[in-house]
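**Q** For the protein sequence lines, the chains are A and B, in the order given. Its first residue numbered 971, the first sequence is counted upward by one per residue in the numbering used here. Its first residue numbered 804, the second sequence is counted upward by one per residue in the numbering used here.
Keep in mind that the hints were calculated from the coordinates and are not lab data. Please note that the accuracy of each hint is not assured.
Below, simulated DMTMM-like cross-link-like pairs (lysine to aspartate or glutamate); rule was C-alpha separation at most 20 angstroms, straight line [unchecked claim]:
| no. | chain 1 | residue 1 | chain 2 | residue 2 |
| --- | --- | --- | --- | --- |
| 1 | A | Lys1096 | B | Asp887 |
| 2 | A | Lys1204 | A | Asp1055 |
| 3 | A | Lys1112 | B | Glu812 |
| 4 | B | Lys924 | A | Asp1175 |
| 5 | B | Lys885 | A | Asp1041 |
| 6 | B | Lys840 | B | Glu813 |
| 7 | B | Lys924 | A | Asp1182 |
| 8 | A | Lys1093 | B | Glu890 |
| 9 | A | Lys1112 | B | Glu890 |
| 10 | B | Lys924 | A | Glu1120 |
| 11 | B | Lys924 | A | Glu1090 |
| 12 | B | Lys868 | A | Glu1046 |
| 13 | B | Lys930 | A | Glu1013 |
| 14 | B | Lys852 | A | Glu1034 |
| 15 | B | Lys885 | A | Glu1034 |
| 16 | B | Lys885 | A | Glu1038 |
| 17 | B | Lys924 | A | Glu1174 |
| 18 | A | Lys1093 | B | Asp887 |
| 19 | B | Lys852 | A | Glu1098 |
| 20 | A | Lys1177 | B | Asp921 |
| 21 | A | Lys981 | A | Glu1046 |
| 22 | B | Lys930 | A | Glu1120 |
| 23 | A | Lys1112 | B | Asp921 |
| 24 | B | Lys885 | A | Glu1046 |
| 25 | B | Lys885 | A | Glu1098 |
| 26 | A | Lys1173 | B | Asp921 |
| 27 | A | Lys1096 | B | Glu890 |
| 28 | B | Lys868 | A | Glu1229 |
| 29 | B | Lys885 | A | Asp1097 |
| 30 | B | Lys840 | A | Glu1098 |
| 31 | B | Lys852 | A | Glu1038 |
| 32 | B | Lys924 | A | Glu1181 |
| 33 | A | Lys1178 | B | Glu812 |
| 34 | B | Lys868 | A | Glu1034 |
| 35 | B | Lys873 | B | Glu812 |
| 36 | B | Lys885 | A | Glu1181 |
| 37 | A | Lys1096 | A | Glu1013 |
| 38 | A | Lys1093 | B | Glu812 |
| 39 | A | Lys1112 | B | Glu813 |
| 40 | B | Lys924 | A | Glu1186 |
Being a predicted model, the structure only gives us computed values, none of them experimental.
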Amino acid sequence: MTTETKEISKKEAFLTYLLRLADDRLILGQRMSEWCGHGPQLEEDLAMANMALDLIGHATALYEYAAEIEDKGHDEDYFAYFRDDRDFVNLQLCELPKGDFGFTIARQFLFSAFSYFQYERLKDAKDEQFSGMISKHLKEIKYHLRHSREWVLRLGDGTEESNKRTQESFDELWMYLGELFHMDEVDELMIKEGLGVDSTKFKEDWKKLVEDTLIEATLTVPDWDQFMMSGSRKGIHTEHLGHMLAQMQFLRRSHPDAEWK
Amino acid sequence: MSTLQLHTEEQIWDFLREVTDPEIPVLNIVEMGIARKVEIGEDGKVLVKITPTYSGCPAMNAIEKLVNEKLEERGVEEFTVKLDFAETWTTDWMTEEAKGKLKDYGIAPPEKSKEDDDFLKNLSSTKVVPCPFCDSFETELVSQFGSTACKSQYFCNACDQPFEHFKCI
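The shape of chain A in the complex, shown without the other chains (with noise of 0.2 angstroms):
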């Protein structure tokens, strides 16, 4: 499958693995958050901004141990903010405008419960520190899941309107789902290592629960042998991320030595 195997040792694969995860849930933590203030209701507003907040708690626990597995004296907002769209590993998934609330709690759904499925994996990992924080996130990536799953049902079993456009949404997200099971040397060396995991091993169960959810919210579920985009662990991106970096990363790098008193 790896045309191209470059050697990496273990600590430069760690760094990337922690920052691509890291990566997916910024990018999509900050996309949640364009909804503060916008939601279709006050305890939407509320639940979405709650869970962009997880999101971004989530990223900053991994930066910060990234920091310390890269060893360079950089810290979690040097990654967050300092850093271009092509040093960037998320998802593309991740970085789509947040669209109509159909489409966010599309890609929310299929988000958590692709991150639910690689942490229930993950939260056994050979290292304290990194196991720790994987279990500590899969508590709260279930309270996502069943959010975003019931949306999925009400929408799509809902009126015309909600139901026509929560498949519009699904139909467009389809093809940025491939990569969430692309695996490359980086996660091979992790696998060998303990502390990474095979994403192809839990693709049917993903599958199944992305299926039956559809089908119970009477949405069809689109063709799953379409052309499916990739890139985005390489740093290749759809041209929403620089939009995206260009808003989150203005302020702080205008005032590099600001500090919150």
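Guided by the hints, dock chain B onto chain A, whose structure is given.
**A** Chain B alone, transformed into the frame defined by chain A:
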């Protein structure tokens, strides 16, 4: 080197009991289970380990700061406050007394958390939480998420009161 004024572990725990959660001021960080460990080295240096409740909890930075301020105020000269992630905080670490205080404060306390092996099977089920005001079970979940990361919102159909539930994790 100046001699350090020595404190016992018990004294440090007492100081920590004076630090309350900024979001839930009726509880202190010891009964919340946030303060995990106090260690006093042979040189008299104090190490306090605290663990976050929810990862995104904005109160965590405030709590860390409050602990530092409290220990300084109480004349502890050399100490370190360390955030520890190795253990995963659970609402089970909250003392019974703390749960009673939560209820009196109008927040339905968390019940005992259990390993939910059947999580996927029970995705649609919601917990019945008794109303902290009238103890009725005629309540319904309004939202899994509330005013802070640790709470969800319920409504009591018996006494017509909205209330918050401390999520069980």
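**Q** Against each hint, give a clear statement of whether it holds in the structure.
**A** How the hints compare with the structure:
1. Among the hinted pairs, Lys1096 (chain A) with Asp887 (chain B) is consistent with the structure: their alpha-carbon atoms are about 17 angstroms apart, no more than 20 angstroms.
2. At roughly 11 angstroms between alpha-carbon atoms, Lys1204 (chain A) and Asp1055 (chain A) fall within 20 angstroms of each other, so this suggested pair holds.
3. Proximity of Lys1112 (chain A) to Glu812 (chain B) is assessed by CA-CA distance (about 37 angstroms); at most 20 angstroms being required, the pair is judged violated.
4. At most 20 angstroms may separate the alpha-carbon atoms for a hinted pair to count; Lys924 (chain B) and Asp1175 (chain A) meet this at roughly 13 angstroms.
5. With a C-alpha separation of about 19 angstroms, the suggested pairing of Lys885 (chain B) with Asp1041 (chain A) holds against the 20 angstroms cut-off.
6. Taking the CA atoms of Lys840 (chain B) and Glu813 (chain B), the gap is about 11 angstroms. The hint holds against a cut of 20 angstroms.
7. Taking the CA atoms of Lys924 (chain B) and Asp1182 (chain A), the gap is near 12 angstroms; set against the 20 angstroms cutoff, the hint holds.
8. For the given pair, Lys1093 (chain A) sits about 12 angstroms from Glu890 (chain B) by alpha-carbon distance, which is consistent with the 20 angstroms threshold.
9. For the suggested pair Lys1112 (chain A) and Glu890 (chain B), the alpha carbons sit about 19 angstroms apart, so the restraint of at most 20 angstroms is met.
10. Annotation: proposed proximity of Lys924 (chain B) to Glu1120 (chain A) holds, straight-line Cα distance about 14 angstroms (limit 20 angstroms).
11. Pair hint Lys924 (chain B) plus Glu1090 (chain A) holds up; C-alpha atoms about 15 angstroms apart against a cutoff of 20 angstroms.
12. For the hint linking Lys868 (chain B) to Glu1046 (chain A), the alpha-carbon distance of about 19 angstroms falls within 20 angstroms, and the restraint holds.
13. For a cut-off of 20 angstroms, the pair hint linking Lys930 (chain B) to Glu1013 (chain A) stands: about 18 angstroms separates their Cα positions.
14. Annotation: proposed proximity of Lys852 (chain B) to Glu1034 (chain A) holds, straight-line Cα distance about 17 angstroms (limit 20 angstroms).
15. Simply put, Lys885 (chain B) and Glu1034 (chain A) have alpha-carbon atoms about 14 angstroms apart, close enough for the 20 angstroms limit, and the pair holds.
16. Distance hint between Lys885 (chain B) and Glu1038 (chain A) is fulfilled; the C-alpha atoms sit about 15 angstroms from each other, no more than 20 angstroms.
17. Between Lys924 (chain B) and Glu1174 (chain A) the CA atoms are separated by roughly 16 angstroms; this keeps the pair inside 20 angstroms, and the hint holds.
18. Simply put, Lys1093 (chain A) and Asp887 (chain B) have alpha-carbon atoms about 16 angstroms apart, close enough for the 20 angstroms limit, and the pair holds.
19. Using a Cα cut-off of 20 angstroms, the hinted pair Lys852 (chain B) and Glu1098 (chain A) holds, with the two alpha carbons roughly 16 angstroms apart.
20. With a C-alpha separation of about 18 angstroms, the suggested pairing of Lys1177 (chain A) with Asp921 (chain B) holds against the 20 angstroms cut-off.
21. A distance of roughly 18 angstroms separates the Cα atoms of Lys981 (chain A) and Glu1046 (chain A); the hinted pair therefore holds under the 20 angstroms criterion.
22. The straight-line distance between the Cα atoms of Lys930 (chain B) and Glu1120 (chain A) is roughly 15 angstroms, inside the 20 angstroms bound, and the hint therefore holds.
23. For the hint pairing Lys1112 (chain A) with Asp921 (chain B), the CA-to-CA distance comes to about 12 angstroms; that is within 20 angstroms, so the pair holds.
24. Restraint check for Lys885 (chain B) and Glu1046 (chain A): satisfied, since their Cα atoms lie roughly 17 angstroms apart, inside the 20 angstroms limit.
25. Restraint check for Lys885 (chain B) and Glu1098 (chain A): satisfied, since their Cα atoms lie roughly 16 angstroms apart, inside the 20 angstroms limit.
26. Of the pairs offered as hints, the one joining Lys1173 (chain A) and Asp921 (chain B) holds, with about 19 angstroms between alpha carbons and a cut-off of 20 angstroms not exceeded.
27. For the proposed pair Lys1096 (chain A) and Glu890 (chain B), the alpha carbon gap of about 14 angstroms is at most 20 angstroms, so the pair holds.
28. Between the alpha carbons of Lys868 (chain B) and Glu1229 (chain A) the distance comes to roughly 15 angstroms, so the proposed pair stays at or under 20 angstroms and holds.
29. A hinted pair counts as satisfied when its Cα atoms are at most 20 angstroms apart, and Lys885 (chain B) with Asp1097 (chain A) qualifies at roughly 19 angstroms.
30. Simply put, Lys840 (chain B) and Glu1098 (chain A) have alpha-carbon atoms about 17 angstroms apart, close enough for the 20 angstroms limit, and the pair holds.
31. Taking the CA atoms of Lys852 (chain B) and Glu1038 (chain A), the gap is about 18 angstroms. The hint holds against a cut of 20 angstroms.
32. Between the alpha carbons of Lys924 (chain B) and Glu1181 (chain A) the distance comes to roughly 15 angstroms, so the proposed pair stays at or under 20 angstroms and holds.
33. Distance restraint check for Lys1178 (chain A) and Glu812 (chain B): the Cα-Cα separation of roughly 53 angstroms exceeds the 20 angstroms cut-off, and the hinted pair is therefore not satisfied.
34. For a cut-off of 20 angstroms, the pair hint linking Lys868 (chain B) to Glu1034 (chain A) stands: about 18 angstroms separates their Cα positions.
35. Between Lys873 (chain B) and Glu812 (chain B), the direct Cα distance comes to roughly 15 angstroms. Compliance with the 20 angstroms bound is thereby established for this hinted pair.
36. Distance hint between Lys885 (chain B) and Glu1181 (chain A) is unfulfilled; the C-alpha atoms sit about 44 angstroms from each other, more than 20 angstroms.
37. Between Lys1096 (chain A) and Glu1013 (chain A) the CA atoms are separated by roughly 39 angstroms; this puts the pair beyond 20 angstroms, and the hint is violated.
38. Distance restraint check for Lys1093 (chain A) and Glu812 (chain B): the Cα-Cα separation of roughly 33 angstroms exceeds the 20 angstroms cut-off, and the hinted pair is therefore not satisfied.
39. Between Lys1112 (chain A) and Glu813 (chain B), the direct Cα distance comes to roughly 38 angstroms. Violation of the 20 angstroms bound is thereby established for this hinted pair.
40. Annotation: proposed proximity of Lys924 (chain B) to Glu1186 (chain A) holds, straight-line Cα distance about 14 angstroms (limit 20 angstroms).
Violation of the numbered hints given earlier is confined to hints 3, 33, 36, 37, 38 and 39; the remaining hints are satisfied by the structure.
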